Structure formats: C-alpha cells, structure tokens
Amino acid sequence: MDNFVSTIQTVPLNHYLILSSIIFTIGVIGVLIRRNAIIIFMSVELMLNAVNLLLTAFSAYSGDAAGQVFVFFIMALAAAEVAVGLAIIVMVYRNTSSVDINILNRLKW
Amino acid sequence: MILFYLVSLLTITFSLLVIFTKNPIYSVLYLIATFFTFTIHYVLLNAQFLAVVNFIVYMGAIMVLFLFVLMLMNLNKETEPMKSNLIKIIAVIAGGSLLVTLVGSFKQLSTLGISTVDKPEIGLVENLGKVLFSDFLLPFEVSSILLLSAMVGAVLLAKKDKSENG
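As they're listed, the protein sequences go chains A and B.
The opening residue of the first sequence carries number 0 in numbering that gives the first Met the number 0; numbering runs sequentially from there.
The opening residue of the second sequence carries number 0 in numbering that gives the first Met the number 0; numbering runs sequentially from there.
Partial list, computed: chain B residues near chain A (C-beta under 8 Å):
1. Phe-3
2. Thr-10
3. Asn-45
4. Leu-49
5. Phe-65
6. Lys-82
7. Ala-90
8. Ala-93
9. Leu-101
10. Ile-121
11. Asn-126
12. Leu-127
13. Val-130
14. Ala-157
List of simulated lysine to any residue pairs, SDA-like, C-alpha gap at most 25 Å:
15. B/Lys-87 x A/Ile-17
16. B/Lys-106 x A/Leu-16
17. B/Lys-159 x A/Met-90
18. B/Lys-82 x A/Met-90
19. B/Lys-87 x B/Leu-15
20. B/Lys-106 x A/Leu-53
21. B/Lys-87 x A/Ser-20
22. B/Lys-21 x A/Arg-34
23. B/Lys-87 x A/Val-27
Just so you know, the hints here were simulated from the structure itself, not pulled from any lab data.
Keep in mind it's a predicted model, so treat the numbers as computed, not measured.
Glycine included, every Cβ here is placed at the ideal spot set by N, Cα and C.
Could you put together the complete structure from these sequences and hints?
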C-alpha cells in the first residue's frame, strides 16, 4: 500500500492531464473517422473514461473524496446510457439491416 | 513512477487500436484491454473502490452488453462501412489540433505542479462509503431512479413491435 502511494507522489499531475487529453482526443478522432454506430459508441465510452481518470487524479491529488463520488455517479450514468443506446442501435439494425450511420439521414431535408 | 508511464503507453496503444481496427469484434476486445489499463491506473492512484467498480461495471457489464449486441448483428470486416481517406486525414488533423490546444493551455497552468498526496486513504471503500451515504445520499437515491428508467426504456425500445408480427 505504501508502495502505491509513494508511486503516485512522484508522478506530476500534469502528466495525468496530458494522458487524459490524449485519450479524449483519440475518442474524438474515433467518432469522426468511423461510420459504424457501435464503434462511435465505444469512442464515446473512451471519452467518458478519460474524464473519469482525470477526475480521480484531481481528487487524489487534492485530498477531496467528492471527485471520486462524482466518478461513481458517472459510471452509473454510463451504464444507463449504454443500455438505452444499444437498444436504439438494435432497433436501427432491425429496421435497416445495417449500423451505418450514413443511412440515418431521414431527418435531413 | 516507471509503472505509470508503462501503463499509460499501453492505454494509448490499446485505445488507438480500438478506433483503427477494421473488425468490430477486435475493437471490443481492445476496448476491454483499455478498460483494464484504466483499472490499473485507479489502483495506482490508490482509488481502490473505483478500481473495483470500473472492473465490475465497465469490463463486466458494459463490455458483455457490447459483445452481445455485436454478435447479434453478424458484422464482419467485409460489411464494415469505412469513410474515405480524405475525411480520415481531415479528422486526424482536427483531433490533433484539439490535442495541441489542450496541451498548450495546460502549459500555462502553473498551480497544477503539485505532486503531493495529503490524505492517501480517501479512495478506500470505507471512506467513500461514508461520504456517499452522508453528503451524497440524495443523488445516490436519484441515480437508482435513473437506472430504473433506463431499464424500462431499453426494454421498451428493444421489444419487437407486436402489430408488425401479427
């Protein structure tokens, strides 16, 4: 246990900031370059996780437990979001036999 | 110290593989590996409660849901829709600009150079449970209503329409 604590004491908080921004950016690029709706959904999960990691790092470095409670709520929200989102994707696949988001242009005029 | 950079490298590699792999099944498997490295990050931050919750909720529940839906859909590399190379290059440039902007703004922050941990025990289950059930009791109960409504909504959406099947 003391081993872990001494480990994070030597890592600057800026490195957690940079790591989280890199992963968030990878999520953004994933949303932009793919057309499969499930992969886009997984990229959104990546972005959520980057924010979770950053909140946890801030909470651990400032000694405030509220940040980690927020991360717990975000995880509960992500579970609800994934359930509803995947149900919508299943509905789309049943109606169009595809998960290509370029088919979903009927709201465009 | 070296462990953090090693795990960070693994995290970035796996998340890049998630978005650049053609086959969606491999994407989900790489996403599971990414979430496992996130669990290691939480353990390194001494946030053990979040490490366990991340392991159970993300790697257990959410990823099984993704795999189930993918296997229901019978997708493979041949049916995978891909964007043109021009759009890919533009997207990577846009993402790179976002990253450069974020990192450039972090360079201006000088107060974030702290590297001390005041109370290393805040991430333990006992401590977080006390906070969760005293200061955050109302949001905790409201989140149960959120989960219930999400469950009802998912069942309603995924249910087959009876009028179509006769």
